[in-house]
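We have chain Z; now place chain P onto it with these hints.
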Amino acid sequence: MTPAVEFQSVSRHFGAVKAVDRVDLTIAEGSFFAMLGPSGSGKTTCLRLISGFEMPTSGAVRIFGEDMGMVPPNRRHVNTVFQDYALFPHMNVRDNVAYGLMVKGVDRRSREARAEEMLSLVKLDGFGGRKPAQLSGGQRQRVALARALVNEPRVLLLDEPLGALDLKLREAMQDELKSLQQRLGITFVFVTHDQGEALSMADRVAVFNEGRVAQVGTPSEIYERPATRFVADFVGSSNVLAPEVTEAFGGPRAWASLRPEAIRLVSGGRVRGTVTGTRYLGAGTRLEVRAGALPGPPSGEHDGGIAVLVPAGAAVPAVGAEVALDWDAAALHVMGDGA
Amino acid sequence: MHSDARPPLALTLAAIGGLLFLHLPIVLIFLYAFTTEDRSYQFPPPGLTTEWFAVAWNREDIWPPLYLSLRVAALSSGLALVLGTLCAAAMARARFFGRDTISLLVVLPIALPGIITGMSLRSAFAIGDIPFSTFTIVLGHATFCIVIVYNNAVARFRRLGASMLEASADLGANSFQTFRHVILPNLGSALLAGGMLAFALSFDEVIVTTFTAGQQSTLPIWMLNELVRPRQRPVTNVVAIVVFVATFLPILAAYYLTRGAEETAGGGK
Chain Z
1 MTPAVEFQSV
11 SRHFGAVKAV
21 DRVDLTIAEG
31 SFFAMLGPSG
41 SGKTTCLRLI
51 SGFEMPTSGA
61 VRIFGEDMGM
71 VPPNRRHVNT
81 VFQDYALFPH
91 MNVRDNVAYG
101 LMVKGVDRRS
111 REARAEEMLS
121 LVKLDGFGGR
131 KPAQLSGGQR
141 QRVALARALV
151 NEPRVLLLDE
161 PLGALDLKLR
171 EAMQDELKSL
181 QQRLGITFVF
191 VTHDQGEALS
201 MADRVAVFNE
211 GRVAQVGTPS
221 EIYERPATRF
231 VADFVGSSNV
241 LAPEVTEAFG
251 GPRAWASLRP
261 EAIRLVSGGR
271 VRGTVTGTRY
281 LGAGTRLEVR
291 AGALPGPPSG
301 EHDGGIAVLV
311 PAGAAVPAVG
321 AEVALDWDAA
331 ALHVMGDGA
Chain P
1001 MHSDARPPLA
1011 LTLAAIGGLL
1021 FLHLPIVLIF
1031 LYAFTTEDRS
1041 YQFPPPGLTT
1051 EWFAVAWNRE
1061 DIWPPLYLSL
1071 RVAALSSGLA
1081 LVLGTLCAAA
1091 MARARFFGRD
1101 TISLLVVLPI
1111 ALPGIITGMS
1121 LRSAFAIGDI
1131 PFSTFTIVLG
1141 HATFCIVIVY
1151 NNAVARFRRL
1161 GASMLEASAD
1171 LGANSFQTFR
1181 HVILPNLGSA
1191 LLAGGMLAFA
1201 LSFDEVIVTT
1211 FTAGQQSTLP
1221 IWMLNELVRP
1231 RQRPVTNVVA
1241 IVVFVATFLP
1251 ILAAYYLTRG
1261 AEETAGGGK
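Sequence lines, in order, name chains Z and P.
Note that the numbering used here has the first sequence beginning at 1, numbered continuously upward.
Note that the numbering used here has the second sequence beginning at 1001, numbered continuously upward.
Next comes chain Z alone, as it looks inside the complex (with noise of 0.2 Å):
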């Protein structure tokens, strides 16, 4: 089957910043594929790449087989979802969903029609004759969301479309996002930050660092085998084990990553340290522990501490208190490289 996006080494340089760095993707048909990363990892580039907004500088960017070379984007069949919405405020809401249909040519009966359509399809019926600014946030985002899938694109793109809501909202709309995707059947492109977002939403995810794409997998293998360290520490703040670490825990002397929530406190375990703080999350309570007698400390930003997550009910010891962790032989995930 030909993927709906495909990057062939694809590279977008602005001067000396290389935003987009030599980067392969395959994006299938009717997934529901994640962009993950911090700002400035080149994610929202890709989808700019993907919309006709941003032209590759080397490589290229085909959807459905097709090379869309200098292709701009109101020739190709993808919509976007903007981050700020973008919809256009001299218009009411009707007149927004329908815009896509009105510049084709459709007659105002029939987009008409469908835009009413498309905005019950969002759960906004009633509300055509609004102007946005008489919208809240969560509405306004159905109505982008609605203008961009009027024109029945075969790849909808999301350029953070949760950013802006407020926690509940978030959760309700991620649900929604994902159920409108199983029912259109279209493949939804989405970028985020928020890797719990990307985790509970998304098919696959591509975890972006520094313009490259640090890995590709579905939700578990990015949770539960990051390919490197900052895969890791970035999706799920894991313990980043030094290779020296890693040995004196019992694995094969390279970096390795080992979740919170696989260490177990128990009385007589691998490791004993001692409780240095506590962080009190509801699910649970984060631990952070200074293990004794390590040849040295574990990298990144659990310097010298190793997390343990406890889960709620179980007993949490004060700080001060001497423990001693086990875990699984299994959960000590060796990663690939050092990068």
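Just so you know, these hints were derived from the structure itself, not from any lab.
The beta carbon of each residue, even a glycine, is placed where N, CA and C say it ideally should be.
Any given hint could turn out to be false.
Taking CB as the label site, the calculated pair distances span [what the hints assert, rightly or not]:
hint : chain 1 : residue 1 : chain 2 : residue 2 : range
1    : P       : ASN1174   : Z       : ALA312    : 54 to 64 Å
2    : P       : PHE1096   : Z       : ALA312    : 15 to 25 Å
3    : Z       : SER200    : P       : ALA1253   : 52 to 62 Å
A short list of chain P residues far from chain Z (calculated; beta carbon distances all over 12 Å) [to be verified]:
hint : residue
4    : TRP1063
5    : ALA1111
6    : ASN1186
For chain P alone, kept in the frame of chain Z given last:
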């Protein structure tokens, strides 16, 4: 600080004095359009009459300058609308080396004394061997009309934001459709206001016109010539009222148009 506190008496008097200083001369000009004395302006006027309106209507030497002024104002503000909008579109969206310098150069003609603009245009026309005509007056006026339109348009362009234009292209619109359906409706009132201000400025311009007009005279120039002659003086005042109305109404309309746009900035029209 209380907003309802009364200002001191001295300040109130000063404000009234300032307003009188600014506007009393205009009132006097209106008053002398109705005087019965036609050789000198004596105060108080010996009697009041409306006959000068009829006299002015029948004076054939008034009509050509009036037509010329209207034509020049319409043409130069029209030219300014096209060029000023294009210039604003380029400056608002592009980022290039020397952008700030060019932005200053565009706005400079309005800061430049009219006499400099007039002299330089006159010598340019002489070098280029261009005969004086309506066209040369229009060119002279367009130098400052473009600035007015540009200033109005560039502020609105900035507020329009890039993502709305991208959304339009993303939904399949070509550049013309984006201009017609997204840019123009959002720019409309700013352009109308800029155009009206430009029209008003052009209509009563004297200095640049004297350098670029040749034998023709616009209405303000006609008035200037008329003041030195002692014949039928109140006719000049009648024409002054016409000039006042022709310039004041567009400025008032422009003021309300731009004010309304700010109030509904997020909500469209």
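Going down the list of hints, with the structure as the test:
The beta-carbon spacing between P:ASN1174 and Z:ALA312, approximately 57 Å, falls within the hinted interval of 54 to 64 Å. In this structure, P:PHE1096 and Z:ALA312 break the distance hint of 15 to 25 Å, their C-beta atoms being roughly 58 Å apart. With their beta carbons about 55 Å apart, Z:SER200 and P:ALA1253 fall inside the hinted range of 52 to 62 Å. The Cβ of P:TRP1063 sits about 42 Å from the closest Cβ of chain Z, beyond the 12 Å cut-off, so the non-interface label holds.
With a least CB separation of 34 Å from chain Z, P:ALA1111 remains clear of the 12 Å interface cut-off, as annotated. The beta carbon of P:ASN1186 sits about 6 Å from the closest Cβ of chain Z, which is not more than 12 Å, so the claim that it is off the interface is violated.
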